[in-house]
Amino acid sequence: MKLSNFIATIVLGTMTHVALAAEEVNIYSYRQPILIKPMLDVFTGDTGIDVNVVHAKKGLLERLRSEARNTPADLVFTVDIGRLADLKSAGLTQSVDSELLDTNIPVSQRDTQGHWYGLTQRARILLASKDRAKGEISSYEELASENMQGRVCTRSGKHPYMVGLTASMISYHGIEGAEKWLTGLKNNLARKPQGNDRAQVKAIKEGECDVAVINHYYMYKMLSDPKQVPWAESVDVIFPNQGDRGTHMNISGMAMTKYAKNRENALKLMEYLASSKAQKLYSEVNGEYPVQQGVEWSEQLKMWGEFKRDDISLSDVAANRAEAIKMMDRVAYDD
Amino acid sequence: MTERGAAIPAAPLRKPRFRVDLWQLGSSVFAALALLPVLAILWLALFPEENIWPHLISTSLPGYIQSTLILMLGVGVSVFLTGVSTAWLVTHYEFPLRRQFEWMLLLPLAIPAYVIAYMYTDLLEFAGPIQRSLRGVFGWELARDYWFPNIRSMGGGILMMGLVLYPYVYLLARAAFLEQSPNQFEASRLLGNSQFKSFLKVSLPIARPAIVVGVALALMETLNDFGTIDFFAIKTLTAGLYDVWLGMGNLGGAAQVATTMLTFVILLLSLEYFGRRRQRFYQSGQRFKEKVRIRLPGKQPWWLTIFCAIPVIAGFIVPVGLLINLAIIYFDVSWTSEFRYYALNSLMLSSIAAVVTILIAMLIAYTRRLHAHSRKMLIVSRVASLGYAVPGAVLAVGVIIPFAAWDNWVDSLAREWFGYSTGLILSGTIFAVIFAYVVRFLAVSIGSIESSLSKVSESMDMAARTLGYSRRQVLTRFHLPLIKGGILTAGMVVFVDSMKELPATLILRPFNFETLATHVYQFASDELIGESALGSLFIVLAGLVPVIFLSRTISRSNLVRPTRPRD
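The listed protein sequences derive, respectively, from chains A and D.
Reminder that position 89 of the first sequence reads as 89 in our numbering, one-by-one numbering, no gaps.
Just add 1000 to the spot in the second sequence (first one is 1) and you have our numbering.
Bound conformation, chain A alone:
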């Protein structure tokens, strides 16, 4: 029985592209399916269109490029702006013309030519120990200030989230200014960059450092994990730079492939994910900020409240990513 299942999988896997004519959408996803499954399930339930997913963190762009016009993929989902920009500049996406998408997604959160669309926003926030750093920090720039010496924790500088933040610093302060800032931050680190965003919160709880930089939804998830609640409760959440440009935001997004075969179904899925219903689910399930204005936020997001977001064009930030990575090498951020 199970053996036959497996054989069936092999045979079907081999013939997918030839045999399947059913209503479907095929996705290459840089996002974990568990995070989008709730929305996709509702979509299939409502429309009867099956959604098939391959998830990987690397290599999907290369797979798409090699498969060229024979690719089975209709859509690509990503977790940051960098990859969306890469897809477009590699000529692997197509322009989508949808009034609904244009209405629901603000222009700063999508490609002006319709090659990619943002789905959710994630804020790069600061955390300060309630006991040891209360009220001491309110901007990214202050991470490099002298009173933070030996008190800051971050993850590896090469991680896309740190690269994104540094790229936005380049946009505002130029290469020289950003490098000065990054050097200052590097000198203020309490330890060699390590671990994930959650690990930084843990380190504050245990007194290894006083201040950290993380993506906001990790706080959201920690508050729903009994073991991690104490870590989350030991810190204040700070949305930085409220006095000036606002908090740095990155996006998760989607793009239609150039050779999409199920174009109509793919468009239906895109429009569905930008609808209020799916946007609300994103906020409830993953704790991310909906890109659509006016969608009701989850309770936790409401509790943190409204804040000023940095609305610099994401394409501009993406353009500085390569420079940001080189800068990480130059200041030896991870050593």
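Among these hints, one or two may not hold up.
For lysine to any residue, the following SDA-like pairs were computed, each having C-alpha atoms within a straight-line distance of at most 20 Å [what the hints assert, rightly or not]:
id, chain 1, residue 1, chain 2, residue 2
1, A, K326, D, P1048
2, A, K227, D, L1322
3, A, K205, D, L1123
4, A, K261, D, T1422
5, A, K227, D, G1530
6, A, K227, D, Q1131
Ranges of calculated distance between the beta carbons of each label pair, as one might list FRET restraints [as the list claims (entries may be wrong)]:
id, chain 1, residue 1, chain 2, residue 2, range
7, A, A319, D, N1051, 16 to 26 Å
8, D, G1026, A, D316, 55 to 65 Å
9, D, L1123, A, P230, 10 to 20 Å
10, D, R1340, A, T44, 21 to 31 Å
11, D, N1051, A, T44, 41 to 51 Å
12, A, V229, D, R1099, 44 to 54 Å
13, D, K1299, A, D236, 54 to 64 Å
14, A, A332, D, L1081, 24 to 34 Å
15, A, K130, D, S1133, 17 to 27 Å
16, A, K130, D, R1099, 53 to 63 Å
17, A, G243, D, R1340, 49 to 59 Å
Since the hints were made in silico from the structure, they are not lab data.
All of these numbers come straight from a predicted model, not from anything done at the bench.
Note that beta-carbon positions come from the ideal geometry of N, C-alpha and C, so glycine has one too.
Position chain D relative to chain A; hints supplied.
Showing chain D alone in chain A's frame:
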């Protein structure tokens, strides 16, 4: 073999004529196929989007190379000492629990390096239970109040990888020690050499080919590891490769870094070759004489028990204990109905990969034996091993390129001639995944099988051929029974490695296809170590089955009288 006594068939007379050597042809074809992904990567390296070398050389490259060398040296010394010493003890000494240790020492092989790294970090980091209780006892508060070794460091990385990779050396060294005739060792003892000196002067050199293969395998695993070094923030060449590829979006530059790594592997492979070159030791009929193990006086054997227990406890019992603990805490979220299906997928993929890899490796290793002095076959065997040098994710890209090119070519032909689109035939199928596994792990099995074959005396081939047996018959009737152990070893290693393989599986798999590893990864990559624990535990358990099976077979083959040529 009984029919052989009845009538010795006369060797048919053959007219000398030109004919294609199917063995050589087959080997070359498979080696060429295995080389394809590597060529694809070299091709990429020729056309980078931006020349990244000036930047790399002036900033991070020297550091990458330095830490790669330190890591490899550390892991090499660690796996050598642990693997050889434990293998020697269980084959030559009698001590409490010795029989259990024979197989328990293999257990850490079932644990992926990144899993053990996660577990020890949980245990030893600042926020972990050990440091927390220390702080509680001594009243320290902050990290600056006291000193504690940092697990997330080069030392920690060497320790973690040494713990899970030493079984490669143990496995091969033990097999080699078991296959050794006790006569030479006895002779050395009779000549007045001490136990230890006899070990150093006689047994170790004879086992050298096997040990060198084991160390080389462990080092190639080290070179390839990404999970652990990423987690520990150790900047090796692999880390640099991913920086260039994913961070700077420069696949060509990444392929260039991969090429640099390739030179490391070629160095390792040559090391292995030169290690063996001047050494030819043959197994002879006497080797299966029951070994007499040494029994130390008094309580001393217990020290040996403790010595062997250390790698087992540190490399298996502690991390698995922590895994079980986490798996229980997060059981409700992790236990879903798909679980068994994913496990079955993993088992099937790994089994197919193991069988295919073994068949190809046997073909290549045996052909090389047939043409013992042919430089060409040496090259074929080395070329087929190159895939091991390439990190999984890069190899996957190397597989995609020729596969998709082939598919698109067939498709365009079909369109042109029949007006019909065939779409993708090989890309995005399980075939592509298995192909990648075979390319990736061929080196493991070729190394192991060549090492086993090299110990079978060539005079036996000659005798058998003189008696009129075909080359195929020599392989199936004479070599196979003798090198069974080596084949099983190779098969097991490929199986367990495929089970753990992640990056290539992720990139190449068909839609909606999950293995245990990809399932676990979903959680682990979202930093949910607890939720991934159950899956990791399953990977470890599945990996255990062949480990135990293999170990039993080796043990039994030591007791049961083997098939061997008659005197």
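Which of the numbered hints are not met once you compare them with the structure shown? As far as the earlier hints go, not one is violated by this structure.
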